[in-house]
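Participant: Residue strings, one per chain:
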Amino acid sequence: MNTAMIIGVASGLIVGLIIAGILLIVANTDKKLKTEYDERQKAVKHKGYMYAFYTVLVYQVLMVFVHLGKVEMPVEDFALDFTGVIIGCIVLCVYCIWKGVYWGLNNDPKRYYVIFAVVIVLNCFPIIGPAIHGTLTENGKIGLPMLNIMVLIMMLSVLITLVVRNIVDRNSTEEEE
Amino acid sequence: MKNLKLKSARAALDLSQEELAKKCGVSRQTMSAIEKGDYNPTINLCISICKVLGKTLDDLFWEEE
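First to last, the sequence lines map onto chains A and B.
If you want our numbering, it's the position in the first sequence, counting the first as 1, plus 726.
If you want our numbering, it's the position in the second sequence, counting the first as 1, plus 358.
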């Protein structure tokens, strides 16, 4: 990546973080940036962070072997690093959702679904364009669009887990009540 | 082990898990987990549940031998 691209990516990340912060405030019922969790949810999240940490650890060790073995990957190095981060996020999200921590106490689920939809659509554009023009890969390697692909995979994983968990949860609640 | 005392005390007040959870400041899933015996609440949450249901800790959380 050249300097201009690095500056572009860094600016994009900063803008993305600001937008994410605004969206969180909008999506929370009490208009606070911080999502509130109860004691069980916090305990589950702590465990989720632990599993995510070990996942990223294993992934990074695997990447060391990939680099040492000079294995040619069809993905740029920076995208491989980002992939590790996203895999960690997926582990955290899927674990927490499956353990019943899908919404914080002050979250508005409907607003979050809208945000999910917007994020999915926004991440489709940088993939569809280059895919149509055949410029998804450069020198046989996929670069920046890989970040969008990983975010899409993460959002879809979260959504699928949410839907499945909701169905399981609804059935068990009907039996319990 | 399922907490049937909690479930019956809640039912006696005609409260749903969701309503009781909201009054105690926790999620419905947490309340469900407590009733199912999947989660051991802290003493603070036990007290909070007792206050909402008008019961004592012994009434709801003491397991008879």
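None of these hints come from the bench; they were simulated from the model.
Take the hints with a grain of salt, since some may be wrong.
To be verified - One side of the interface only, derived from the structure: several residues of chain A facing chain B at Cβ under 7 Å: (1) 765; (2) 768; (3) 807; (4) 826.
Unchecked claim - Which residues of chain B face chain A? A partial, calculated answer using Cβ under 10 Å: (5) 379; (6) 385; (7) 392; (8) 408; (9) 414.
Stated by the list, open to error - Below, in silico cross-link-like pairs of lysine-lysine (PhoX-like), each with a Cα-Cα straight-line distance of 20 Å or less: (10) B:413 - A:825; (11) A:768 - B:381; (12) B:360 - A:757; (13) A:758 - B:413; (14) B:360 - A:758; (15) B:380 - B:394; (16) B:413 - A:768; (17) B:394 - B:413; (18) B:413 - B:381; (19) A:768 - A:825; (20) A:836 - B:380; (21) A:757 - A:825; (22) B:394 - A:768; (23) A:760 - B:360; (24) A:867 - A:760.
Each residue gets a CB set at the ideal place from its N, CA and C atoms; glycine is no exception.
Participant: Against each hint, give a clear statement of whether it holds in the structure.
Facilitator: To see whether the hints hold, each was checked on the structure:
Contact between residue 765 of chain A and chain B, as hinted, is supported at the beta carbon level, the nearest pair being about 6 Å apart and thus within 7 Å. At a threshold of 7 Å, the smallest CB-CB gap from residue 768 of chain A to chain B is about 10 Å, leaving the interface hint violated. Interface hint at residue 807 of chain A: violated, since its Cβ lies 34 Å from the closest Cβ of chain B, which is beyond the 7 Å cut-off. For residue 826 of chain A, the suggested interface contact is upheld, since its CB lies about 4 Å from the closest CB of chain B, less than 7 Å.
Nearest Cβ of chain A to the Cβ of residue 379 of chain B: about 8 Å, under the 10 Å cut. The hint holds. At its closest, the beta carbon of residue 385 of chain B sits 6 Å from a beta carbon of chain A; the interface hint therefore holds under the 10 Å criterion. For residue 392 of chain B, the shortest C-beta to C-beta distance to chain A is roughly 8 Å, which falls under 10 Å, so the interface hint holds. Given hint, residue 408 of chain B at the interface with chain A, is violated; its Cβ is 16 Å from that chain's nearest Cβ, farther than 10 Å.
Hint status for residue 414 of chain B relative to chain A: violated, with the closest Cβ pair at about 21 Å, above 10 Å. In summary, the hint linking residue 413 of chain B to residue 825 of chain A is not supported, as the alpha carbons are separated by about 29 Å, beyond the 20 Å threshold. A hinted pair counts as satisfied when its Cα atoms are at most 20 Å apart, and residue 768 of chain A with residue 381 of chain B qualifies at roughly 19 Å. For a cut-off of 20 Å, the pair hint linking residue 360 of chain B to residue 757 of chain A is broken: about 37 Å separates their Cα positions.
Restraint check: the Cα-Cα separation between residue 758 of chain A and residue 413 of chain B comes to about 34 Å, which exceeds 20 Å; the hinted pair is violated. Of the supplied pair hints, the one linking residue 360 of chain B and residue 758 of chain A is violated, its CA atoms being roughly 36 Å apart against a limit of 20 Å. Between residue 380 of chain B and residue 394 of chain B the alpha-carbon distance is near 18 Å, which keeps this suggested pair within the 20 Å criterion. With a C-alpha separation of about 26 Å, the suggested pair residue 413 of chain B and residue 768 of chain A falls outside the 20 Å cut-off, and the hint is violated.
With a C-alpha separation of about 19 Å, the suggested pair residue 394 of chain B and residue 413 of chain B falls inside the 20 Å cut-off, and the hint holds. Between the alpha carbons of residue 413 of chain B and residue 381 of chain B the distance comes to roughly 15 Å, so the proposed pair stays at or under 20 Å and holds. The hinted pair formed by residue 768 of chain A and residue 825 of chain A meets the criterion: a straight-line CA distance of about 11 Å does not exceed 20 Å. For the suggested pair residue 836 of chain A and residue 380 of chain B, the alpha carbons sit about 18 Å apart, so the restraint of at most 20 Å is met.
Only pairs whose Cα atoms come within 20 Å are accepted, and residue 757 of chain A paired with residue 825 of chain A is rejected, the gap being roughly 26 Å. Restraint check: the Cα-Cα separation between residue 394 of chain B and residue 768 of chain A comes to about 19 Å, which is no more than 20 Å; the hinted pair holds. At roughly 33 Å between alpha-carbon atoms, residue 760 of chain A and residue 360 of chain B are farther apart than 20 Å, so this suggested pair is violated. Of the supplied pair hints, the one linking residue 867 of chain A and residue 760 of chain A is violated, its CA atoms being roughly 38 Å apart against a limit of 20 Å.
Checked against the numbered hints above, the structure breaks hints 2, 3, 8, 9, 10, 12, 13, 14, 16, 21, 23 and 24 and satisfies the rest.
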